[in-house]
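There are 2 protein chains.
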Amino acid sequence: MLINLSSALVNTLQERRQQLANLIDFPAILWSGNTNPRNFPANVFPYRASSHFLYFAGLPIPNAAIRLEAGKLELFLNEPAPSSALWHGEIPKREEIAEKIGANVARPMAELESWVEGAATIATQDAATWTQQSQLLNRWVLPQNPPQGIDLELAKAIVSLRLTHDAGALAELRQAAAVTVAAHKAGIAATASAKIEAEVRAAMEAVFITHNMTTAYNSIVTVHGEVLHNEHYHHPLQPGDLLLVDVGAETRMGWAADVTRTWPVSSKFSSTQRDIYNVVLAAHDACIAQIRPGVEYADIHLLAASVIAEGLVELGILRGYPQDLVAIDAHALFFPHGIGHLLGLDVHDMEDLGDLAGYEEGRTRSHRFGLGYLRLNRPLRPGMLVTIEPGFYQVPAILNDANVRSKYQNVVNWERLTQFADVRGIRIENDVLVTDEGSEVLTAALPSDANTVEDLVL
Amino acid sequence: MLINLSSALVNTLQERRQQLANLIDFPAILWSGNTNPRNFPANVFPYRASSHFLYFAGLPIPNAAIRLEAGKLELFLNEPAPSSALWHGEIPKREEIAEKIGANVARPMAELESWVEGAATIATQDAATWTQQSQLLNRWVLPQNPPQGIDLELAKAIVSLRLTHDAGALAELRQAAAVTVAAHKAGIAATASAKIEAEVRAAMEAVFITHNMTTAYNSIVTVHGEVLHNEHYHHPLQPGDLLLVDVGAETRMGWAADVTRTWPVSSKFSSTQRDIYNVVLAAHDACIAQIRPGVEYADIHLLAASVIAEGLVELGILRGYPQDLVAIDAHALFFPHGIGHLLGLDVHDMEDLGDLAGYEEGRTRSHRFGLGYLRLNRPLRPGMLVTIEPGFYQVPAILNDANVRSKYQNVVNWERLTQFADVRGIRIENDVLVTDEGSEVLTAALPSDANTVEDLVL
Numbered sequence: 001m002l003i004n005l006s007s008a009l010v011n012t013l014q015e016r017r018q019q020l021a022n023l024i025d026f027p028a029i030l031w032s033g034n035t036n037p038r039n040f041p042a043n044v045f046p047y048r049a050s051s052h053f054l055y056f057a058g059l060p061i062p063n064a065a066i067r068l069e070a071g072k073l074e075l076f077l078n079e080p081a082p083s084s085a086l087w088h089g090e091i092p093k094r095e096e097i098a099e100k101i102g103a104n105v106a107r108p109m110a111e112l113e114s115w116v117e118g119a120a121t122i123a124t125q126d127a128a129t130w131t132q133q134s135q136l137l138n139r140w141v142l143p144q145n146p147p148q149g150i151d152l153e154l155a156k157a158i159v160s161l162r163l164t165h166d167a168g169a170l171a172e173l174r175q176a177a178a179v180t181v182a183a184h185k186a187g188i189a190a191t192a193s194a195k196i197e198a199e200v201r202a203a204m205e206a207v208f209i210t211h212n213m214t215t216a217y218n219s220i221v222t223v224h225g226e227v228l229h230n231e232h233y234h235h236p237l238q239p240g241d242l243l244l245v246d247v248g249a250e251t252r253m254g255w256a257a258d259v260t261r262t263w264p265v266s267s268k269f270s271s272t273q274r275d276i277y278n279v280v281l282a283a284h285d286a287c288i289a290q291i292r293p294g295v296e297y298a299d300i301h302l303l304a305a306s307v308i309a310e311g312l313v314e315l316g317i318l319r320g321y322p323q324d325l326v327a328i329d330a331h332a333l334f335f336p337h338g339i340g341h342l343l344g345l346d347v348h349d350m351e352d353l354g355d356l357a358g359y360e361e362g363r364t365r366s367h368r369f370g371l372g373y374l375r376l377n378r379p380l381r382p383g384m385l386v387t388i389e390p391g392f393y394q395v396p397a398i399l400n401d402a403n404v405r406s407k408y409q410n411v412v413n414w415e416r417l418t419q420f421a422d423v424r425g426i427r428i429e430n431d432v433l434v435t436d437e438g439s440e441v442l443t444a445a446l447p448s449d450a451n452t453v454e455d456l457v458l
Numbered sequence: 001m002l003i004n005l006s007s008a009l010v011n012t013l014q015e016r017r018q019q020l021a022n023l024i025d026f027p028a029i030l031w032s033g034n035t036n037p038r039n040f041p042a043n044v045f046p047y048r049a050s051s052h053f054l055y056f057a058g059l060p061i062p063n064a065a066i067r068l069e070a071g072k073l074e075l076f077l078n079e080p081a082p083s084s085a086l087w088h089g090e091i092p093k094r095e096e097i098a099e100k101i102g103a104n105v106a107r108p109m110a111e112l113e114s115w116v117e118g119a120a121t122i123a124t125q126d127a128a129t130w131t132q133q134s135q136l137l138n139r140w141v142l143p144q145n146p147p148q149g150i151d152l153e154l155a156k157a158i159v160s161l162r163l164t165h166d167a168g169a170l171a172e173l174r175q176a177a178a179v180t181v182a183a184h185k186a187g188i189a190a191t192a193s194a195k196i197e198a199e200v201r202a203a204m205e206a207v208f209i210t211h212n213m214t215t216a217y218n219s220i221v222t223v224h225g226e227v228l229h230n231e232h233y234h235h236p237l238q239p240g241d242l243l244l245v246d247v248g249a250e251t252r253m254g255w256a257a258d259v260t261r262t263w264p265v266s267s268k269f270s271s272t273q274r275d276i277y278n279v280v281l282a283a284h285d286a287c288i289a290q291i292r293p294g295v296e297y298a299d300i301h302l303l304a305a306s307v308i309a310e311g312l313v314e315l316g317i318l319r320g321y322p323q324d325l326v327a328i329d330a331h332a333l334f335f336p337h338g339i340g341h342l343l344g345l346d347v348h349d350m351e352d353l354g355d356l357a358g359y360e361e362g363r364t365r366s367h368r369f370g371l372g373y374l375r376l377n378r379p380l381r382p383g384m385l386v387t388i389e390p391g392f393y394q395v396p397a398i399l400n401d402a403n404v405r406s407k408y409q410n411v412v413n414w415e416r417l418t419q420f421a422d423v424r425g426i427r428i429e430n431d432v433l434v435t436d437e438g439s440e441v442l443t444a445a446l447p448s449d450a451n452t453v454e455d456l457v458l
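Residue numbers (the numbering used here), protein chains in the order written: chain A, 1 to 458; chain B, 1 to 458.
One chain only, chain A, in its complex shape (with noise of 0.2 Å):
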């Protein structure tokens, strides 16, 4: 089965292959990859095309590679082998999938060796694509070697314009942001019986199946907030505890959603679950409410970092006034990331590239505490998306270590902070739509407010 693509999406594809060639005045080459092997050939991950593919392709087409040049697709790709329509149904033909995708020419794969002279390419995650890359490009093709040369260039195209998003890929994301929403209601209505994380995983996670969509990251779902990667769902649900559920849908096509909400196990915040909440919020607020172009997203982060730090100082987990407190990264002690990060077919979007997405050219990044987890440093312009995800941790590998607790002895009021030891973890994370006005929250169906949030998990 092909996903059918509207005539409007076809359309989408050809604008952006245009795009590309009027930014680069060589061809580009690019593969699609191959599925993972999980413990023997047969038995595979499910397949992920190649996200540079998916964005001139439109559709995850295995073991293929396309050739831009002037505008025009041609499409690589083997037909079908004969036995595998017993095993696996008539699968299109190659000229079949080359009209729905408005391709000019479709060839077999072997033809592709005499097409490369002066191709470009981007290395895709799968060792046997970037091995066969490498090949056939006679250089070394690697995803974990910076892109050189052409493959810079390409790669630097491919960038401005996947930086914002055109009609086609709003659809997208609205989709995966409407259907993240969805799950993220049926996780908070399944923690009442809930004995498990893993029970209010699976509640969510049976939403994207049910639509036919995967998760576009491993999910976290987890009473540990502290730990920011958490991927164990066995711990028990008990009162008292916050749920912190970071889970975000992919489409058929590849576009992510990425949402994070806390949300009290037992329907009720403690007042200082609540407290800090409300700070973490604060920050949120204050940061969807800067979204516009010409912003820095880096300042947007600095706001985050500076409300934060201001919250905590009217609680009296942090002394002094909030710059100067930010200045000295104190609110990384608690915030430790950025405040997100660009979004789009990757969850953090082109990350393959390292930071060629998410800087501006020129810039790198900080090494200070408090700034070297930004992932994203450029000016906005519409039709960026980017998440916004301000949080609380408690973090025993930060708040535990000797040098921190020296250096910020008297910035930190250590006896307050005992007092919120309940508030393992917080985060609120939204999908922000930069437009031409402001901004558009495409994740905004999910509340974020402490009473309806408590409401919802009655």
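Just so you know, not all the hints are guaranteed correct.
Which copy is meant is left open, because identical chains are indistinguishable; a pair holds if it fits in one copy or across any two.
Claimed, not checked - Straight line, CA to CA, 35 Å or less: simulated DSBU-like cross-link-like pairs of lysine-lysine:
#1 K195 / K93
#2 K407 / K93
#3 K156 / K93
#4 K100 / K72
#5 K156 / K100
#6 K185 / K93
#7 K185 / K195
#8 K72 / K93
#9 K100 / K195
#10 K72 / K268
#11 K156 / K72
#12 K72 / K195
#13 K195 / K156
#14 K185 / K156
#15 K93 / K268
Since the hints were derived computationally from the structure, they do not count as laboratory data.
Please arrange chain B on chain A, whose structure you already have, making use of the hints.
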């Protein structure tokens, strides 16, 4: 988080290492393997350790290696990076893991190169790891190449151990079977209100997620059972459809179940569906009744072929004597795959070694249409776990093939066959343990007779 191993399981692991030592007089190094990136390096598919590693080490430890010699296990593993505590929480130290799995020594990975002399290995599935294996051992260790020399000796030794299951393995396999039975019951229950296949799949996989298990293979949940490996889930469920569901769980330690049921969407089989269903069920029951030590699995396959041929003769679809029909592979027009396969840590157990596990030494695949897909050809022994999965399918690629129609022109009553158009595909599959006395069906708690299945759907 590490799964806690019972002392009984640690003893089991040590026994397996001792048994290996009784079979080979050279050291073996088994790598666990790495994660596979999905669309960028930090966004990975869920981790699955190599089954051979799991068999001796018990736990899925990423990026580890074990060196087995004379019954002793040396664990090679790097300590978690200091930064990992921030993102992933406290990861157990090498020594803790070593103790948990009963290792005799634990060393950093960098020391492994001093211990490779004369060691055999088995290729992992991920390229990063088999590249490392090849470099350290100074020979090509590729998953697609059959093992040679001492690697082949090691593979044969491991096959001889993994062919039959010890108590530790059986405890896991029973868990996988029980959760799979629960998932199928949930899927049957979800059918009444489901509009598309995906909803039934969601209800089933949610059961696995709830139990912190995964699918052992990509689920098949389809009203188009005639496509044998159908991984699409978008078709509507319509009255009169049969839903063919092949879904199995895998435990956290990697042990698999593999179960298929076929049920009527509307809760009632049509008379033609019931007739064919009962033919498949008769084959299923006859095969299981024959399973005992010493019986040739290929004979079980031929028994299934014969019962199916007989049933189709009775229904007027085939003409002739069952044994004659089987001799000319007429059964394979409708039952084109093997009666089953080994089941263990892999759903096709040890298929990473080609037919080394499935085929008794000296035997090779038949070129006969009706036998070539048989994955297991050995005499049965107590402790073997096999699937029994007869089926009936109207595969267009077979039945519409001009050569097939010509060859079987007089053997098939093509006119009569058209009356069975509402039977696109039926399979009944259970997991059967060979015992000293005969057999035990690990998945027997899931009914398979037509009336009970109908009652469950209602």
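Here is what the structure says about each hint:
1. In the homo-oligomer, the alpha carbons of K195 and K93 lie at most 35 Å apart only across protomers (29 Å), although the nearest pairing inside one protomer, at 49 Å, exceeds that limit.
2. Taking the shortest alpha-carbon separations for K407 and K93, only the inter-copy value of 27 Å comes in at or below 35 Å, while the best intra-copy value is 65 Å.
3. Proximity of K156 and K93 under a CA criterion of 35 Å is satisfied intra-copy only: 33 Å inside one chain copy versus 41 Å between copies.
4. Taking the shortest alpha-carbon separations for K100 and K72, only the intra-copy value of 14 Å comes in at or below 35 Å, while the best inter-copy value is 58 Å.
5. For the identical chains of this complex, K156 and K100 are intra-copy neighbours only, at 28 Å inside a copy versus 48 Å across copies, given an alpha-carbon limit of 35 Å.
6. With identical chains, the CA atoms of K185 and K93 are never at most 35 Å apart, being 41 Å at best within one copy and 38 Å at best between copies.
7. Taking the closest pair of Cα atoms, K185 and K195 come within 35 Å of each other both inside a single copy (18 Å) and across two copies (21 Å).
8. In this homomeric assembly, K72 and K93 come within 35 Å of each other (Cα to Cα) only inside a single copy, at 20 Å, whereas the closest approach across copies is 54 Å.
9. Taking the shortest Cα distances, K100 and K195 sit within 35 Å of each other only across copies (27 Å), while inside one copy they are farther apart (47 Å).
10. Within a single copy, K72 and K268 get their C-alpha atoms no closer than 58 Å, and across copies no closer than 53 Å, so neither meets the 35 Å cut-off.
11. Proximity of K156 and K72 under a CA criterion of 35 Å is satisfied intra-copy only: 19 Å inside one chain copy versus 53 Å between copies.
12. Proximity of K72 and K195 under a CA criterion of 35 Å is satisfied in neither setting, with 55 Å inside one chain copy and 40 Å between copies.
13. In the homo-oligomer, the alpha carbons of K195 and K156 never lie at most 35 Å apart, since the shortest distance is 48 Å inside one protomer and 44 Å across protomers.
14. Taking identical chains as interchangeable, the C-alpha atoms of K185 and K156 are never at most 35 Å apart, the minima being 39 Å within one chain and 52 Å between chains.
15. Taking the shortest Cα distances, K93 and K268 never come within 35 Å of each other, neither inside one copy (57 Å) nor across copies (37 Å).
Hint check: violations occur at hints 6, 10, 12, 13, 14, 15; the rest are consistent with the structure.
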